[in-house]
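Visitor: Here the structure of chain U is known, so what remains is to put chain R in place on it, guided by the hints.
If you want the building blocks of each chain, they are given just below.
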Amino acid sequence: MIDTVIKSNNIDVYAIRKQFPILKRQVKGKQLIYLDNAATSQKPQSVIDALVNYYSYYNANIHRGIHTLAEEATAAFEATRDAVRQFIGAASREEIIFTRGTTEGINLVASTWGRQNIKSGDEIIISTMEHHSNIVPWQVLCEEKGALLKVIPVNDEGELLLDEYAKLLNPKTKLVSIVHVSNVLGTVNPVKKMIDMAHRAGAVVLVDGAQSTVHLDIDVQDMDCDFFAFSSHKLYGPTGTGVLYGKKNLLETMPVFQGGGEMIKEVSFEKTWYNDLPYKYEAGTPNIADTIAFKTALDFIKDTGKEKIRKHEEALLGYATTQLEQLPGLKIVGNAKEKVSVISFVIDNIHPQDIGILLDNRGIAVRTGHHCAQPLMNRFCIPGTTRASFAVYNTKEEIDELIIGLEKTIKMLA
Amino acid sequence: MSESKSIQTIENEIVEEFGLFDSWDDKYEYIIDLGKKLPPLDEQYKKDENKVRGCQSTVWLVADYKDGKIFYKAESDAVIVKGLISMLIRVLSGHTAEEIIQTRLDFIQQIGMTTHLAQTRSNGLLSMVKQMKNFALAYKLKNAAAAKS
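Protein chains in written order, with the numbering used here: chain U, 13 to 426; chain R, 4 to 152.
No lab work stands behind these hints, which were simulated from the structure alone.
One should not assume that every hint holds.
[What the hints assert, rightly or not] Derived pair list, reagent style BS3-like, types lysine-lysine, alpha-carbon separation capped at 27 Å:
(1) U:Lys42 <-> U:Lys420
(2) U:Lys423 <-> R:Lys40
(3) R:Lys30 <-> R:Lys133
(4) U:Lys423 <-> R:Lys30
(5) R:Lys69 <-> R:Lys145
(6) R:Lys40 <-> R:Lys54
(7) U:Lys157 <-> U:Lys184
(8) U:Lys162 <-> U:Lys179
(9) U:Lys204 <-> U:Lys343
(10) U:Lys423 <-> R:Lys39
(11) U:Lys184 <-> U:Lys162
(12) U:Lys343 <-> R:Lys151
(13) U:Lys184 <-> U:Lys205
(14) R:Lys54 <-> R:Lys133
(15) U:Lys318 <-> U:Lys30
(16) U:Lys420 <-> R:Lys40
(17) R:Lys30 <-> U:Lys42
(18) R:Lys143 <-> R:Lys50
(19) U:Lys343 <-> U:Lys205
(20) R:Lys49 <-> U:Lys420
(21) R:Lys76 <-> U:Lys420
(22) U:Lys204 <-> U:Lys318
(23) U:Lys260 <-> U:Lys184
(24) R:Lys136 <-> R:Lys76
(25) U:Lys40 <-> R:Lys39
(26) U:Lys260 <-> U:Lys36
(27) R:Lys49 <-> R:Lys39
(28) R:Lys49 <-> U:Lys40
(29) U:Lys323 <-> U:Lys343
(30) R:Lys40 <-> R:Lys133
Remember, it's a predicted structure, so these values are computed and weren't measured experimentally.
For reference, chain U alone in the conformation it holds in the complex (with noise of 0.2 Å):
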């Protein structure tokens, strides 16, 4: 069934797969099957030789320096900018901000904007599926302004209960930050809806989109988002760097986040004048090869083509679902209509951490735990789940195998 799906796509998984050199490798014995890829996904030969060329070739820092070394590593560092900028769908490369990932895009929306737009009374929107990441920068906030910290409950599919959510909106709503794609529970979440509802209540809108740009089709200006900040190392990139989208008017207004080199125009010990979008938020010298890597990350993509990658999870994600659902005691923890390749599940009487171990030992890499969302593990009243995750170089064959493990695994404990 699923050959046939890929084949129908064009897409020639095994031709995907040996541009992966890890994949080849074996763990304890056994070819390494790696479902970890909400992770962090596995990196092309094309993404290393990046990294490679430029230590190898025009390893030099950038925008300072006059010499040709300089000229060609900032060329390829801003290349990077650009091409953010098209994947995204940005209106302006002044609006991509380089940060280390994620987690630092949000803390810089809390520490800049956040510091001075909330006032104590005023109220944050987050929702129960939220990764720590965007759960602890505005308690901090909240900690520090005398804000309230608002949360939009999920029902027993894992899906946002929007009613809700508009109940919480009012007049004192200064910020509603939410996650695109849950990391748990795979859920799509409606953003542009959610969006558009808290624009309308006066408040401003980060996306956290660590799971959702691998996956989906990035527009931020149809999405019409504030903010929206993503790490390139689940985008087939190199790990230590990331985006922060936002905004122009609102970048051209928020107080400066680190102070430093790069940052600044001119400076003396009475005042530093700041320096223009998007630097002014790039203190210090960035993460100038995994940047650089990065664009070779976005074109990898770009070249298998999105459509096609996201169709193949699709069918992975379904032929997983029907497969885990037959397996005794197991039951599937995030059943959204809208959902990507993210797999978390339960089984009756069996630690997720001994399935974790056992799992690894037939050379399968799974996630256990509790994913770093320990309220919405709360919400579903488990310690935590075991999840499969699966990316454009996953196969049918591998999830067969996944199934076989999961059968020895439940016969080994039971």
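Guide: Leaving out everything else, chain R in the frame of chain U:
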């Protein structure tokens, strides 16, 4: 009984037992079996102050002092961790504080469990060993203070 055996002797016994297994599956089956057989900890001990913080599974650990020796009781919500607890109790329980503090627990490495389990924060094995040793240290210090006064 194990009381008369040294920690080293018990460790050697475990290493020998594990030497009989051909595959990792067999080793895990044995550990799971130990986990299932670990006597449950009385509910009264399952409170926050007895928790050993691991990232994924919960471990409760308590220690008794009797005739100059330390006796451990513990439980976890994950069965493989329970199996590991069972082995740690078998090795350490019933020995003096000094013996427990001094031991390096080389058997964990010798049966291959270091690479499999102990290096990540995802399990409480390292914290459990540390907590067991802390109990011994606390007991030793308490005794020393009592001897002085």
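Visitor: Now look at each hint and say whether the structure bears it out.
Guide: Against the structure, the hints:
{"no.": "1", "hint": "U:Lys42 <-> U:Lys420", "result": "holds (15 Å)"}
{"no.": "2", "hint": "U:Lys423 <-> R:Lys40", "result": "holds (17 Å)"}
{"no.": "3", "hint": "R:Lys30 <-> R:Lys133", "result": "holds (24 Å)"}
{"no.": "4", "hint": "U:Lys423 <-> R:Lys30", "result": "holds (15 Å)"}
{"no.": "5", "hint": "R:Lys69 <-> R:Lys145", "result": "holds (14 Å)"}
{"no.": "6", "hint": "R:Lys40 <-> R:Lys54", "result": "holds (21 Å)"}
{"no.": "7", "hint": "U:Lys157 <-> U:Lys184", "result": "holds (14 Å)"}
{"no.": "8", "hint": "U:Lys162 <-> U:Lys179", "result": "holds (11 Å)"}
{"no.": "9", "hint": "U:Lys204 <-> U:Lys343", "result": "violated (30 Å)"}
{"no.": "10", "hint": "U:Lys423 <-> R:Lys39", "result": "holds (14 Å)"}
{"no.": "11", "hint": "U:Lys184 <-> U:Lys162", "result": "holds (11 Å)"}
{"no.": "12", "hint": "U:Lys343 <-> R:Lys151", "result": "violated (60 Å)"}
{"no.": "13", "hint": "U:Lys184 <-> U:Lys205", "result": "holds (20 Å)"}
{"no.": "14", "hint": "R:Lys54 <-> R:Lys133", "result": "holds (13 Å)"}
{"no.": "15", "hint": "U:Lys318 <-> U:Lys30", "result": "holds (19 Å)"}
{"no.": "16", "hint": "U:Lys420 <-> R:Lys40", "result": "holds (20 Å)"}
{"no.": "17", "hint": "R:Lys30 <-> U:Lys42", "result": "holds (17 Å)"}
{"no.": "18", "hint": "R:Lys143 <-> R:Lys50", "result": "holds (25 Å)"}
{"no.": "19", "hint": "U:Lys343 <-> U:Lys205", "result": "violated (30 Å)"}
{"no.": "20", "hint": "R:Lys49 <-> U:Lys420", "result": "violated (31 Å)"}
{"no.": "21", "hint": "R:Lys76 <-> U:Lys420", "result": "violated (30 Å)"}
{"no.": "22", "hint": "U:Lys204 <-> U:Lys318", "result": "holds (20 Å)"}
{"no.": "23", "hint": "U:Lys260 <-> U:Lys184", "result": "holds (24 Å)"}
{"no.": "24", "hint": "R:Lys136 <-> R:Lys76", "result": "holds (14 Å)"}
{"no.": "25", "hint": "U:Lys40 <-> R:Lys39", "result": "holds (25 Å)"}
{"no.": "26", "hint": "U:Lys260 <-> U:Lys36", "result": "violated (44 Å)"}
{"no.": "27", "hint": "R:Lys49 <-> R:Lys39", "result": "holds (18 Å)"}
{"no.": "28", "hint": "R:Lys49 <-> U:Lys40", "result": "violated (35 Å)"}
{"no.": "29", "hint": "U:Lys323 <-> U:Lys343", "result": "holds (25 Å)"}
{"no.": "30", "hint": "R:Lys40 <-> R:Lys133", "result": "holds (24 Å)"}
Taken one by one, the earlier hints fail for this structure at numbers 9, 12, 19, 20, 21, 26 and 28, listed in ascending order.
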